[in-house]
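*Asks:* With these hints in hand, go ahead and build the complete structure from the sequences.
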Amino acid sequence: MLPRLAHDYEAEAIARLIDAAYQPYRDQGVILPDVSGGIDRAIAAGQVWVAGRAEVQGVLMVAIAPPKAHLMNVAVSPDARGKGLGGKLIGHAVALAKDAGCSEIALATHEDLASIIALYHHLGWQETGREGNRVMMSRTI
Numbered sequence: 001m002l003p004r005l006a007h008d009y010e011a012e013a014i015a016r017l018i019d020a021a022y023q024p025y026r027d028q029g030v031i032l033p034d035v036s037g038g039i040d041r042a043i044a045a046g047q048v049w050v051a052g053r054a055e056v057q058g059v060l061m062v063a064i065a066p067p068k069a070h071l072m073n074v075a076v077s078p079d080a081r082g083k084g085l086g087g088k089l090i091g092h093a094v095a096l097a098k099d100a101g102c103s104e105i106a107l108a109t110h111e112d113l114a115s116i117i118a119l120y121h122h123l124g125w126q127e128t129g130r131e132g133n134r135v136m137m138s139r140t141i
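Numbering (the numbering used here), first residue to last: 1 to 141.
No lab work stands behind these hints, which were simulated from the structure alone. Do not rely on the hints blindly, as some may be mistaken.
[What the hints assert, rightly or not] Per label pair, the in silico range of CB-to-CB distance:
1) Y9 with P67: 21 to 29 Å
2) G46 with G91: 26 to 34 Å
3) A54 with Q23: 21 to 29 Å
4) H7 with A100: 15 to 23 Å
5) Q23 with D99: 16 to 24 Å
6) G82 with D112: 14 to 22 Å
[As the list claims (entries may be wrong)] With a cut-off of at most 20 Å between alpha-carbon atoms, the simulated DMTMM-like pairs for lysine to aspartate or glutamate come out as follows:
7) K83 with E127
8) K68 with D99
9) K88 with D99
10) K68 with E127
11) K68 with E10
12) K88 with E104
13) K88 with E55
Note that the structure is predicted; figures quoted are calculated from it, not measured. Don't be surprised by glycine CBs; every beta carbon is placed ideally from N, CA and C.
*Replies:* Printed below as a string of structure tokens:
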């Protein structure tokens with residue numbers, strides 16, 4: 001299932017999916033910022049990609065401004081977890097950035113999301129710094 005650009009009429013479903021994807025971390029007491037805000041603006045800017053057959057199962061938000069890209073969010077529906085979709089979405093972000101002429105892609109995540117940090121490490125990302133509870137990572141393209 002290849003990611004495709006999101007449509008404006010999907011904004012509400014995308015926000016629900018993102019909130020559902022992060023809910024287990026909130027249930028563990030992790031205090032996260034608003035992870036689903038600004039969807040409408042991001043869709044209008046062409047920064048939101050979705051994957052899924054009958055319904056949206058994964059969301060990718062990426063801003064590309066060569067020579068650098070910023071991976072803003074990756075979220076996978078709880079029902080679709082464990083099937084490699086998150087890795088595919090991250091790979092799509094890297095490919096988009098590369099095609100646009102970027103030499104680096106960066107992100108920030110929460111220090112308490114250990115499984116997510118481990119996934120990024122597994123996919124070749126390096127930690128570049130910490131600021132409060134934020135972990136900054138990047139990958140050379």
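*Asks:* Check the structure against each numbered hint from earlier and tell me which ones fail, lowest number first.
*Replies:* 1, 2, 5, 7 and 11
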